[in-house]
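Undergrad: Sequence:
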Amino acid sequence: MSSEPEYDDLTRDIAEVPAVEVITTVAVHLMSAAAVKCGLAEGGDKDKDLDEARKLITALAGLVTAGAPEISNFHAAPLRDGLRSLQLAFREASLVPDAPGAGPGEKFTGPVYS
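In terms of our numbering, the sequence shown opens at residue 22 and continues consecutively.
The set of hints was computed from the structure by calculation and includes no laboratory data. Treat the hints with care, since some could be wrong.
Stated by the list, open to error - Listed below are the simulated EDC-like cross-link pairs for lysine to aspartate or glutamate, each with C-alpha atoms no more than 16 Å apart in a straight line:
hint	residue 1	residue 2
1	K76	D119
2	K76	E37
3	K69	E113
What the hints assert, rightly or not - Computed Cβ-Cβ distance ranges for the label pairs, DEER-style:
hint	residue 1	residue 2	range
4	V38	G65	33 to 39 Å
5	E37	P99	38 to 44 Å
6	P118	E37	44 to 50 Å
7	Y134	P39	19 to 25 Å
8	A40	S135	31 to 37 Å
9	G131	E63	28 to 34 Å
Bear in mind that the values here come from a model prediction, so they are computed numbers and not experimental data. For glycine and all other residues, C-beta sits at the position ideal for the given N, C-alpha and C.
Full structure from sequences and hints, please.
TA: See the structure below:
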């Protein structure tokens, strides 16, 4: 008999995972990917791709805006803070700034100012 844990022991049935955990986990993954694409990660400009960052930030804004009423302010507030930080980082990284309200995700959040 192997001392290795069984695969089933290492995974959780998706039915057991609360919705708030799924939503926040997806949001954190979107935040992480957007940060990398904004050039904020260890790779810096090497990984910077503002077109990709725009898509990720917009998706994050939609998720956070739609999910916030469902997950409570306790969980939504840090996600909103992270989203706003990414929107500001995108604005700083962009050579041609978007008009207020036209930045990534701002159709969901409203204009973001520094």
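Undergrad: Hint by hint, say whether it matches the structure.
TA: So, going through the hints one by one against the coordinates:
1. Note on K76 and D119: the hinted pairing holds, with a Cα-Cα distance of about 14 Å set against a maximum of 16 Å.
2. For the suggested pair K76 and E37, the alpha carbons sit about 30 Å apart, so the restraint of at most 16 Å is broken.
3. Distance check on the hinted pair: K69 and E113 sit about 13 Å apart at the alpha-carbon level, within 16 Å; holds.
4. Between V38 and G65, the C-beta spacing of about 34 Å keeps the proposed range 33 to 39 Å intact.
5. In this structure, E37 and P99 break the distance hint of 38 to 44 Å, their C-beta atoms being roughly 24 Å apart.
6. The hinted range of 44 to 50 Å is satisfied by P118 and E37, whose Cβ atoms lie roughly 45 Å apart.
7. Checking the proposed 19 to 25 Å range against Y134 and P39 shows it is violated: the Cβ atoms sit about 35 Å from each other.
8. The hint said 31 to 37 Å for the Cβ distance between A40 and S135, and at roughly 33 Å that hint holds.
9. Checking the proposed 28 to 34 Å range against G131 and E63 shows it holds: the Cβ atoms sit about 32 Å from each other.
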